[in-house]
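K.L.:
Taken in order, these protein sequences are the chains called A and B. The first sequence begins at 0 in numbering that gives the first Met the number 0 and counts up by one. The second sequence begins at 0 in numbering that gives the first Met the number 0 and counts up by one.
FYI, nobody ran anything at the bench for these hints, they're computed from the structure. We treat Cβ as the ideally placed atom computed from N, Cα and C, and that holds for glycine. Possibly wrong hints are sitting among the right ones.
[Said to hold, decoys possible] Pulled from the structure, derived: some chain A residues nowhere near chain B, Cβ distances all over 10 Å: (1) Glu14; (2) Thr25; (3) Ser60; (4) Pro81; (5) Ile102; (6) His138; (7) Leu153.
[Stated by the list, open to error] Capping the alpha-carbon separation at 20 Å, the derived lysine-lysine pairs in PhoX-like fashion look like this: (8) Lys168(A) <-> Lys56(A); (9) Lys190(B) <-> Lys67(A); (10) Lys194(B) <-> Lys67(A); (11) Lys56(A) <-> Lys116(A); (12) Lys116(A) <-> Lys89(A); (13) Lys116(B) <-> Lys67(B); (14) Lys116(B) <-> Lys168(A); (15) Lys194(A) <-> Lys67(B).
Protein chains: 2
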Amino acid sequence: MDLVSIGMEKGLLYETVVTTVNDDGTSNAAPIGVICKDKDEIVVYLHQGSSTVKNIKRNNSFVVNILKDPMVFVESTLGDLPQNYFESHKNEFYIKNTDAYFIANVISLKDVEREDKFGVSVVTVVRAKVSDLIKTKEHVEPVNRAIYGIIEGLVYLTRMDMVSGDMEKLYRHRMSEISRIVNKVGGPEHKNAMKKISSAFSKYDK
Amino acid sequence: MDLVSIGMEKGLLYETVVTTVNDDGTSNAAPIGVICKDKDEIVVYLHQGSSTVKNIKRNNSFVVNILKDPMVFVESTLGDLPQNYFESHKNEFYIKNTDAYFIANVISLKDVEREDKFGVSVVTVVRAKVSDLIKTKEHVEPVNRAIYGIIEGLVYLTRMDMVSGDMEKLYRHRMSEISRIVNKVGGPEHKNAMKKISSAFSKYDK
């Protein structure tokens, strides 16, 4: 089984929860965007200083959980996903109620400086090979944000005639943010659709 | 087959494309949110003046297309989904490359006044019974925006320490919008997760 069997397409970014093993042998979980590079290869960008990046640097492997359970996303972000959510697989942990999971074995790992709107920061780029892919549901669909961005963009587009002032400013800001996200996480058909939305939106340019 | 077979859960709102028959016999398509009320019953809220509401009032039936093709959402919103996208089913039209579709037969239809941030408007509330449900893919998953809202909310939450001024104002506005959407379209587990996000977010209250 490869990433195609869990609905992952080359070039798209999926919202997952990554589980790693802490120094003391306990489990850690964090929401991470995973880019599908090939049917058995992924890339992740990790922020400096997190437990996830420390654990991956030490262990050279991690688990990617494909799931849609909202509470798992919330609790792993807030840092308190209880230990009883986890299950062991070989030397790793995965999340019990996940739709699918696989082990990611680090091929290369590189710290790079990146500049964004929040300033300059160091990001660790990890390339990894997929092994031990397990599905716990027959059909798995990973979370990709592109279609939601398209739909939200269309909502703003159709409301532009109704807004002004602060609200209009907000819509313009959201639209550029949506365009950025869709181009980051989507496939060619999403990018095409976004281009058409942006073009229709530009008729509201002053 | 009923709505359960295409992944619809009672109480959730799904993003679909509704196709109707115009007065002159041609096809019309528009993106519409469909609330699953029961395994064979839906409710939709339609804005006054659209071709969709006129066609439904005249024909007493419409087709709900379950799909994720971004261009179909874009072109049906911009009003120019070409006729070659449509296919006939009995007296109705559906969209050729849809993952699934069904006929919705109107049970009741009511014009109600509604007030929102854009002012007072008339909305037509349509309750309809499902028939002729057809799947063109083995596994169908309809688009529900709740998990996307949860993930976006978590992004804002983790960035609140980094923002100030206009950006902070924007994040606060988006967070209340996200909470509104998740509570409108999601199920109990989404609403619970959102409650936890809002509670963590409230520590940034001034």
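K.L.:
Could you run down the list of hints and mark each one as holding or not?
P.N.:
Status of the hints after comparison with the structure:
no. : hint                    : result
1   : Glu14                   : 5 Å, violated
2   : Thr25                   : 22 Å, holds
3   : Ser60                   : 25 Å, holds
4   : Pro81                   : 13 Å, holds
5   : Ile102                  : 24 Å, holds
6   : His138                  : 4 Å, violated
7   : Leu153                  : 5 Å, violated
8   : Lys168(A) <-> Lys56(A)  : 42 Å, violated
9   : Lys190(B) <-> Lys67(A)  : 14 Å, holds
10  : Lys194(B) <-> Lys67(A)  : 17 Å, holds
11  : Lys56(A) <-> Lys116(A)  : 27 Å, violated
12  : Lys116(A) <-> Lys89(A)  : 40 Å, violated
13  : Lys116(B) <-> Lys67(B)  : 29 Å, violated
14  : Lys116(B) <-> Lys168(A) : 16 Å, holds
15  : Lys194(A) <-> Lys67(B)  : 17 Å, holds
Consistency note: the structure conflicts with the earlier hints numbered 1, 6, 7, 8, 11, 12, 13.
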